[in-house]
Amino acid sequence: MTRGSGPRARAPRCNQNSGTQVTDTPMTTLETERTLLARLRAWYSAEDANPTKRVQFDRPLTPWLFVLPQLAVVAIFFYWPSVQAVTSSFYIEDPFGFGSTFVGMENYGDAVTSSQYRDTALFTAFFCVVVTALSLGLGLLLAVKADKVIRGTETYKTLLISVYAIAPPVAGLMGMMFFDMHMGPIKDLFALFGHDLRVGIDYWDTAIALITISVWKQIPYNFIFFLSGLQSVPVPVREAALIDARSGWRRFRDVILPLLAPTAFFLLIINITYTMFDTFPIIDVIVKDKPANNPMTLVYKVYLDGFKGNDIGGSSAQSVILMVVVAALTVLQFRFLERRVHYG
Amino acid sequence: MAGLSLQGVGKTYSGNVDAVTGVEIEIADGEFIVLVGPSGCGKSTLLRMVAGLETVTRGEIRIGDRVVNRLDPADRDIAMVFQNYALYPHMSVRDNMAYGLKNRGESRAVIDERVAEAARMLELGPYLDRKPRALSGGQRQRVAMGRAIVRQPAAFLFDEPLSNLDAKLRVSMRGEIRRLQRRLGTTSLYVTHDQLEAMTLADRLVVLNGGRVEQIGAPLEVYRSPASTFVAGFIGSPAMNLLDARVEGGRVVLEDQAIGGAELPEGPVTLGLRPEDLRLVQAGGLALRLDYVEELGAQRILHGFVGGQPLSVAEAGAAPLSDVVRVAVREDRLHLFETRSGHRIERAGLAAMEPAE
Amino acid sequence: MQKIKPLDHLVLILGVLFLCVPVVMALMSSTHYPVDIHSNGLFLTPGDNGLATYTKVLTDRGGFTGDVTGLRMLMNSLIMGVGFAVGKIVLSMMAAYALVYFRFRFATILFWMIFTTLLLPLEVRIMPSYQVMSTLGLLNTYTGLIVPLLASATGTFFFRQFFKSVPDELLEAARIDGAGPWKFFIDVLVPLSKTMMAAIFIIMFIYGWNQYLWPLLMTTDEHFYTLMRGIKSILQVWVGSQIPDYNEAFALAVLAMLPPVAVVVIFQRMFIKGLTESDK
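Chains as they are written, first to last, in the working numbering: chain A, 269 to 612; chain B, 605 to 961; chain C, 297 to 576.
By construction, these hints were calculated from the structure, which means they are not laboratory data. Source: prediction; values computed, not measured. Glycine is no exception: its CB is placed at the ideal position from the N, C-alpha and C atoms. Check the hints yourself; a few may be wrong.
Residues from chain C that keep clear of chain A, each with C-beta distances beyond 12 Å, as calculated [stated by the list, open to error]:
{"id": "1", "residue": "Gly346"}
{"id": "2", "residue": "Val378"}
{"id": "3", "residue": "Glu419"}
{"id": "4", "residue": "Lys490"}
{"id": "5", "residue": "Thr491"}
The list that follows gives simulated cross-link-like pairs (lysine-lysine, DSS-like), each with its CA atoms no further than 27 Å apart [to be verified]:
{"id": "6", "chain 1": "B", "residue 1": "Lys772", "chain 2": "B", "residue 2": "Lys735"}
{"id": "7", "chain 1": "A", "residue 1": "Lys321", "chain 2": "C", "residue 2": "Lys460"}
{"id": "8", "chain 1": "A", "residue 1": "Lys425", "chain 2": "C", "residue 2": "Lys301"}
{"id": "9", "chain 1": "C", "residue 1": "Lys569", "chain 2": "C", "residue 2": "Lys460"}
{"id": "10", "chain 1": "B", "residue 1": "Lys735", "chain 2": "C", "residue 2": "Lys301"}
{"id": "11", "chain 1": "B", "residue 1": "Lys706", "chain 2": "B", "residue 2": "Lys735"}
{"id": "12", "chain 1": "C", "residue 1": "Lys479", "chain 2": "B", "residue 2": "Lys706"}
Make the full structure from the sequences, and use the hints.
Structure follows, in structure tokens:
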């Protein structure tokens, strides 16, 4: 049934149905129950202040059938582990598996004060800045050029986009061999400049490899979004800019770039999250479980401490810290997403 | 086929916003009723309550002799034509028309026959297997009507069905809707904000303002004796001039000039003058200081001021005009309204008097 | 019109080279002998060992148990990609339908419950997720590989936006035509969403196919290894061997990237639409 405003329409109705016969007698129990039921129903399906649709279905059970699968998956595989992550961050697990002790904030304290954790956090920040800046910049550059040329746009587009589909671990595997100390062409390239590249052994050499591979993998994504952002700039706006500004750089800076700003901001957040989380496989392949003197990100440390180091409490505490960071980032992005919808 | 009856119908949205209040309309079987008013006047809400797409907060809606307040839209025996057509984009024209019948469990034969019939009536035969996106706006509108026709409902409900069409098509579709409705004899309730559309289509008009009925009546009746300043200003184009005047000593005085008699108590009154009831004269009458002139071909509309008040005059002439022209008023075409309430003062209050010289 | 500037093309060509040469090199090197690669470096031209290498990678039983073939891993990756994409579409369409088209009391709360999942990627709760899976006995199962990844609202968010953009009148017309919630969903909404479903399918297939960390943890039984997991194990075998089987590693990489790249290239238009409109 379709109902515009449930409570008002329904409550008087029930009285009216039977009220004609019982005008003089006091309300029977059945009567009260019916009213209660009516009120309950009215409350249950009360109108939303801004409903998503002008008319909505008003059934008590059907919507539950539709959300139930998603809800079950979310409850079991999202809320349960998330809650557990938070809980176990307050405990220290016995190394032999004989139970755990509540230690309060100790795990957090240990994590934050450890110099290793701080180094990793610093590297993660550095990694984020460099990878995001490079992949955004190169993606934008290529998108602007691809938007500009007339001949061969489709070919360039296809070639530039195709790399998007390559999985990070595959990228990592390929990168590993390109940086290989025996036959890697990139090693030869560095040798030309007199640098002996030793990926996996030298801290900064490994970092160079990680950054190169991560940027390589992410450029197509940024390219796609920038290009579609550029192509959604209305032709009249471009033409108006053509009349108002002589230099191409000025037109780009004063007209196109501001219109791209929403896309760029969205990509900024996405790229930070990418560098923090999705580079995991690249690191895993390049560093190969031998973190000895190699750079890594916070997420990789969570994994190492938890699975390899068996420090479940410490790993959980680190998880929770990361959760806070990423949640903040996502809230930013989410607000933005809602806003972006209005653009079209 | 059935009549339609709305008794004390009202709608209150959450937050105590009254969208519609106390609407009483009795619609005879086969009648074509147009609900007209500015946007936000509640006309669409009223229609949607009849359709069952909005709940009825107060009052009672009957279709035929059934109270339908709590019935599902599908059970009300109505059909609706939407402004944006609301055709199912993935279904062919044929399936669009047949969908409702299929859901009602009509037999294949009945469905085919009715769809064929409707397609013939609307000249949609060649398009039956096309998807809506392959049709023009006018054709889509016809499909939407076809979908309504095949149901053979007790009433058609139209929600601004022509608003999405261009001006020329709108005029021809208007004629088509009217012819079709005559032929089928189905009771129709039609919502529009376009007073011209309302005038040309309706057996009776229902003029709505702020969720209330201002006037119900045949188009000419409403045009000739609007019940309020609102109706007077809304129906008719160019709009009626509404001027501040006074009754002094049994005469209506506009800007110090008596223009007609009225046996009314002394005091302010709103004077209504239709532009087409005014004519230019060489001498006497009101002095109209011209502002600008709109040339429409068959006639021209002069806009100007009488004293400080704007006044427009529609006239057929083409003679050159001076800055100030003289305008005479036909006294039997005066409209008077109470200044406070805007209600019409019936002609009984107007006494015969010599035209002002 | 602007003039064609050689500089623009130069930049684009350099970009294409940077992105594509590694792929070409991987493809070409996979057809050479490991000894040649070891002494001469990577190749940009095809060799004559391709057939043998790919036959070996696809059909030879390998791994620690000597029981898993490349073909098997390919199939597992396919199951993972398709299963994830289908599951995602079904679950999120249904949930979005309930949230948009029904009026019920807990809609808002449910909305926030589901959309909170967007806040935390799997990586930050990987430890407890693993524990939950082992509690439920879902390690080394396809269910365990696929279903937990569905606990994210990207698809729901997307379909919700799409449903909101469907004109209200369509539901109203359908209700006058006597369609209830199930009928409306099946007869109108699902066919209407076809293009969107296809676009989402492509994105999600790639996402599922490319999963690495989760299969790494969930599968110890090599029968459930995906290609991504295979890459990890080929690297583990690698350590200590004299001349590693570079060609086989490259062949595995090619196998792992071929299907998603093909999907992207073939369905480019739909893929871009899905990506830019769903934002994941």
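Hints, one by one, checked against the model:
Listed as outside the interface, glycine 346 of chain C is consistent with that label: its C-beta sits roughly 17 Å from the nearest C-beta of chain A, beyond the 12 Å cut-off. Distance to chain A confirms valine 378 of chain C as a non-interface residue, since its nearest Cβ pair spans about 15 Å, more than 12 Å. Here glutamate 419 of chain C does not stay apart from chain A, with its beta-carbon only about 5 Å from theirs, under the 12 Å limit. For lysine 490 of chain C, the shortest C-beta to C-beta distance to chain A comes to about 19 Å, beyond the 12 Å cut-off, and the non-interface label holds.
The non-interface label for threonine 491 of chain C is consistent with chain A: the shortest C-beta to C-beta separation is roughly 16 Å, beyond 12 Å. A hinted pair counts as satisfied when its Cα atoms are at most 27 Å apart, and lysine 772 of chain B with lysine 735 of chain B qualifies at roughly 24 Å. Straight-line distance between C-alpha atoms of lysine 321 of chain A and lysine 460 of chain C comes to about 7 Å, which keeps the hinted pair within the 27 Å bound. Note on lysine 425 of chain A and lysine 301 of chain C: the hinted pairing holds, with a Cα-Cα distance of about 18 Å set against a maximum of 27 Å.
Under the criterion of a C-alpha separation no larger than 27 Å, the hint pairing lysine 569 of chain C with lysine 460 of chain C is consistent with the structure, at around 18 Å. For the proposed pair lysine 735 of chain B and lysine 301 of chain C, the alpha carbon gap of about 45 Å is over 27 Å, so the pair is violated. For the suggested pair lysine 706 of chain B and lysine 735 of chain B, the alpha carbons sit about 18 Å apart, so the restraint of at most 27 Å is met. Restraint check: the Cα-Cα separation between lysine 479 of chain C and lysine 706 of chain B comes to about 12 Å, which is no more than 27 Å; the hinted pair holds.
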